[in-house]
Amino acid sequence: MSTIRQRQGSKSEEQMDNERRIRIQFDMSESSAKELDELIAETNLGTRTAYLNNALSLFKWAIKHSRGGAIIAAMNNESDSYVELATPALDEVSPKGKVTA
Numbered sequence: 150m151s152t153i154r155q156r157q158g159s160k161s162e163e164q165m166d167n168e169r170r171i172r173i174q175f176d177m178s179e180s181s182a183k184e185l186d187e188l189i190a191e192t193n194l195g196t197r198t199a200y201l202n203n204a205l206s207l208f209k210w211a212i213k214h215s216r217g218g219a220i221i222a223a224m225n226n227e228s229d230s231y232v233e234l235a236t237p238a239l240d241e242v243s244p245k246g247k248v249t250a
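In my numbering, each number is its position in the sequence shown, counted from 1, plus 149.
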């Protein structure tokens, strides 16, 4: 299976610098904040803003493809198996998750 890497919907630092910024504040537990900071360090993103921007890009990508009928999954190329990501949010936008009356 081939791997395709694509930067879709990601804004460059220059584009972000030219946009009007707003401040968003939220509360989280100490353990969640610690986990967040560990993920930032592991991914070498440097800031919570950079991490959130990456997470937002990934979530937008997942929503777009779920809406189109694709499953979002982690593929193991060695065993040709995969694990599907299932979340209430993705189920909501997935055509298979929608029930029409």
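These are computed hints drawn from the structure, not numbers from a lab. The beta carbon of each residue, even a glycine, is placed where N, CA and C say it ideally should be. One thing to keep in mind: the hints can contain errors.
Claimed, not checked - Just the calculated beta-carbon pair ranges, DEER-fashion:
1) 217 x 180: 33 to 43 Å
2) 227 x 197: 29 to 39 Å
3) 238 x 184: 16 to 26 Å
What the hints assert, rightly or not - In the SDA-like style, the derived pairs of lysine to any residue whose C-alpha atoms are separated by at most 20 Å in a straight line are:
4) 183 x 193
5) 209 x 222
6) 213 x 245
7) 209 x 242
8) 183 x 196
9) 183 x 195
10) 209 x 240
11) 209 x 219
Hint-by-hint comparison with the structure:
Here the CB-CB span from residue 217 to residue 180 is close to 36 Å, well matched to the stated 33 to 43 Å. As the Cβ distance of residue 227 to residue 197 is approximately 34 Å, the hint placing it in 29 to 39 Å holds. Between residue 238 and residue 184 the beta carbon distance is about 20 Å. The supplied range of 16 to 26 Å therefore holds. At roughly 15 Å between alpha-carbon atoms, residue 183 and residue 193 fall within 20 Å of each other, so this suggested pair holds.
Taking the CA atoms of residue 209 and residue 222, the gap is about 15 Å. The hint holds against a cut of 20 Å. A threshold of 20 Å between alpha carbons decides the hint, and for residue 213 with residue 245 the separation of about 14 Å falls inside it, so the pair holds. As the CA atoms of residue 209 and residue 242 are separated by approximately 11 Å, the hinted pair is consistent with the 20 Å bound. Straight-line distance between C-alpha atoms of residue 183 and residue 196 comes to about 13 Å, which keeps the hinted pair within the 20 Å bound.
For the given pair, residue 183 sits about 14 Å from residue 195 by alpha-carbon distance, which is consistent with the 20 Å threshold. In summary, the hint linking residue 209 to residue 240 is supported, as the alpha carbons are separated by about 14 Å, within the 20 Å threshold. Restraint check: the Cα-Cα separation between residue 209 and residue 219 comes to about 14 Å, which is no more than 20 Å; the hinted pair holds.
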